[in-house]
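Make a model of the complete structure from these sequences and hints.
Order-wise, the sequence lines are chains A and B. Take 1 as the starting number for the first sequence in my numbering and just add one per residue. Take 1 as the starting number for the second sequence in my numbering and just add one per residue.
It is possible that part of the hints are untrue.
Stated by the list, open to error - If the Cβ cut is set under 7 Å, some of the chain A residues that face chain B in the computed set are:
id, residue
1, Ala-90
2, Gly-104
3, Glu-106
4, Leu-174
Said to hold, decoys possible - Derived pair list, reagent style EDC-like, types lysine to aspartate or glutamate, alpha-carbon separation capped at 20 Å:
id, chain 1, residue 1, chain 2, residue 2
5, B, Lys-18, A, Glu-230
6, A, Lys-61, A, Asp-39
7, B, Lys-18, A, Glu-169
8, A, Lys-163, A, Asp-3
9, A, Lys-184, A, Glu-126
10, B, Lys-98, B, Asp-193
Everything labelled a hint here was simulated from the structure, so no lab data went into it. None of the values given here were measured: they were computed from a predicted structure. Ideal Cβ positions, reconstructed from N, Cα and C, are used throughout, including at glycine.
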Amino acid sequence: MADPYLRVEGLVKRFGPFTALGGVDLEVFPGEVHCLLGDNGAGKSTLIKTLAGVHEPTEGKIYIEGKSVEFRSPRDASDAGIGTVYQDLAINQLLSVTRNFFMGRELKGPLGTLRMDEMNKIAHDEMLKIGIDFSDPTQAVGTMSGGQRQTLAIARAIYFGAKVLILDEPTSALGQKQQMGVLKTIKKVRARGDIAIIFITHNEIHSRLVGDRFTFLALGQTIGAGTNAEIGDEEMRRLMSGGAEMGDLEQELAAI
Amino acid sequence: MADTNEAGRLKQETAVEKLLRRPEIGSFVVMLVIIVALAIASDGKSFNALGLKNNIAIIAQYGIIATGAAVLMIAGEFDLSIGSMIGFAGMAMSMMLKWGLPFGMGDATPITAFIVTLAMTLALGWLIGTVVVRSGLSSFIVTLAFLFFLRGVTEVSFRLINKSTQISGLPDYKEESWFANLLGGDVFGWFYDLWFMLGGNLNRRGEQWVEGFDARFLWWLVIAGVAYFVLSRTQIGNWIYATGDNKEAARANGVPVNRVKIGLFMFTAFCATMFAACQVFDTNTSDAAKGNLMELFAIAIAVVGGTLMTGGFGSVIGVVFGAITVGLVANAVFFIPAIDGAWFRVFLGGILLAAVFANERIRKRITGGI
Ligand SMILES: Nc1ncnc2c1ncn2[C@@H]1O[C@H](COP(=O)(O)OP(=O)(O)OP(=O)(O)O)[C@@H](O)[C@H]1O
Ligand SMILES: [Mg+2]
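Structure representation (structure tokens):
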């Protein structure tokens with residue numbers, strides 16, 4: 001098998017006295033979807049924020065293509081090929097699709113002027129590639145649907161050279177049809193073969209549909225990992241609920 | 001997504017429809033109404049040669065500081081220290097001209113007085129911006145503090161050094177210094193020359209009446225023009241909008257939001273300094289009370305011009321219309337002596353309220369109604 005593009009070893013993140021991550025390991029491979037699963041508060045968002053350069057790790061190491069890296073800012077991480085689509089999408093509602101697409105990395109002509117026509121065209125084409133034909137890239141993002149916003153954020157990350165695409169609960173706020181749209185987008189990106197995807201979700205079906213490999217977190221620890229084939233349904237449910245036995249939960253519920 | 005034929009869902013708009021949906025349209029219509037109403041009510045006097053000059057003089061004053069206030073508001077912050085900054089800058093410049101440069105650097109020329117003053121006001125703007133972004137406090141309260149602080153410093157400095165809170169009777173620097181002339185002299189003389197050649201612009205003796213506009217007209221056009229260009233065409237402009245719209249999103253994408261904000265507090269300080277410099281070199285006087293309440297006019301005009309109080313949206317062109325509207329009404333009493341000057345504030349209050357509601361509607365349309 002190929003080498004992992006990104007490897008995380010013994011990652012610890014403390015917020016003051018609180019240990020959000022207590023030694024997490026993770027390996028992600030190009031052309032694979034790696035599902036990060038775990039209960040609320042397990043530390044999934046904290047983990048990816050550390051990968052994205054928003055938080056500095058307290059301990060532990062991050063390797064990109066085998067080389068140890070340190071991210072001091074989101075810019076460092078994105079330069080290293082980590083593209084993050086946050087839960088809140090990092091989108092400016094009042095600004096146009098194009099301006100959001102190029103936010104922070106605008107194409108400039110002389111005098112710092114924006115090459116607007118060129119940017120409009122690229123934004124339109126890139127979004128078309130992964131599935132939406134957005135005819136008017138000068139339209140404000142506030143008027144787009146949730147699924148379309150996801151696509152914008154994903155297309156943006158890919159265009160700017162993401163080798164690892166991190167998606168934090170991209171389907172959670174969407175309707176059925178749009179959820180499927182996002183899954184299709186994930187599949188399309190996976191099919192390119194050169195991009196590793198980290199997909200955070202609470203949805204078992206979604207992770208089964210697109211996931212190649214799973215990592216389960218609970219209370220800041222890795223409590224299980226494996227490929228889609230290796231992990232059975234029972235096991236999956238047990239790990240997703242933080243290691244508790246489903247049978248126990250059923251009993252607890254029945255007792256109320 | 002599922003709906004791949006997204007293109008088909010968008011109605012093609014005609015040029016007129018697009019124009020009517022522009023955010024400046026409201027302030028533009030109000031401006032037209034005011035221009036026509038004023039022309040009729042003043043019997044044309046407000047737009048004769050002198051009327052035009054006097055109206056433009058006040059419009060340009062408002063326009064200069066409203067541009068600064070609007071761009072800062074687009075980035076999501078307020079500056080209540082603009083008025084006091086005007087007073088401070090005017091005091092600093094005129095005192096240097098009268099008493100010499102600080103720290104025994106010798107006599108001041110218009111250029112050195114202006115540059116040293118600008119260095120001080122930009123430093124103050126930097127300080128205000130830094131306090132706001134570092135403390136995370138509301139700019140409303142931080143700049144309110146500077147409103148009092150700077151006005152107080154202005155008065156105290158006047159009394160300590162000058163023994164009086166006014167300076168008058170400075171020499172007319174415009175005569176000798178090209179620089180003073182650039183700030184306080186006349187501009188666009190060709191306009192009035194042409195008007196004279198075409199048979200207008202005559203005084204009672206049949207000579208040419210008005211020579212040119214006040215220089216601040218030019219400065220207003222320059223400041224508004226640059227602000228328009230930067231906001232709509234440059235990377236910095238994109239960053240300004242993004243900072244005011246969703247600061248965290250902008251930051252996550254690598255926009256240096258703190259530097260953007262600090263830079264814009266320095267820009268409002270710059271606008272206040274230009275306001276003061278034009279006044280000092282035009283009249284060769286200064287007064288500790290100069291610029292009083294100007295911060296509120298600046299914000300009101302920005303809002304009338306379509307700038308959102310919540311940041312992220314606004315246009316310099318709208319602010320130009322707003323400045324013209326408010327400037328004309330402020331001056332109306334000179335051309336229509338029968339009316340009570342206080343009606344100006346009644347009008348401003350009314351139009352401000354109407355603008356806030358109109359802006360809110362525009363915001364809802366763009367964000368899909370939340
Ligand atoms: N900046 C912070 N300061 C202090 N504690 C934090 C901070 N960020 C996260 N935490 C804590 O770390 C823990 C993990 O949070 P995190 O957001 O990573 O969970 P999550 O797995 O993403 O949960 P969810 O599924 O609800 O999104 C939580 O208990 C949270 O309160
Ligand atoms: Mg989370």
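Consistency of the hints with the structure:
Here the hint on A:Ala-90 is kept, as its CB sits about 4 Å from the closest CB of chain B, short of 7 Å. Satisfaction of the interface hint for A:Gly-104 is found here, the shortest Cβ-Cβ separation to chain B being roughly 4 Å, below the 7 Å cut-off. Contact between A:Glu-106 and chain B, as hinted, is supported at the beta carbon level, the nearest pair being about 4 Å apart and thus within 7 Å. Look at A:Leu-174: its Cβ only gets to about 10 Å from chain B, farther than 7 Å, so that hint breaks.
The hinted pair formed by B:Lys-18 and A:Glu-230 fails the criterion: a straight-line CA distance of about 57 Å is larger than 20 Å. Distance hint between A:Lys-61 and A:Asp-39 is unfulfilled; the C-alpha atoms sit about 24 Å from each other, more than 20 Å. Straight-line distance between C-alpha atoms of B:Lys-18 and A:Glu-169 comes to about 37 Å, which puts the hinted pair past the 20 Å bound. Proposed proximity of A:Lys-163 and A:Asp-3 is supported: the alpha carbons are some 14 Å apart, at most 20 Å.
The straight-line distance between the Cα atoms of A:Lys-184 and A:Glu-126 is roughly 15 Å, inside the 20 Å bound, and the hint therefore holds. Simply put, B:Lys-98 and B:Asp-193 have alpha-carbon atoms about 35 Å apart, too far for the 20 Å limit, and the pair is violated.
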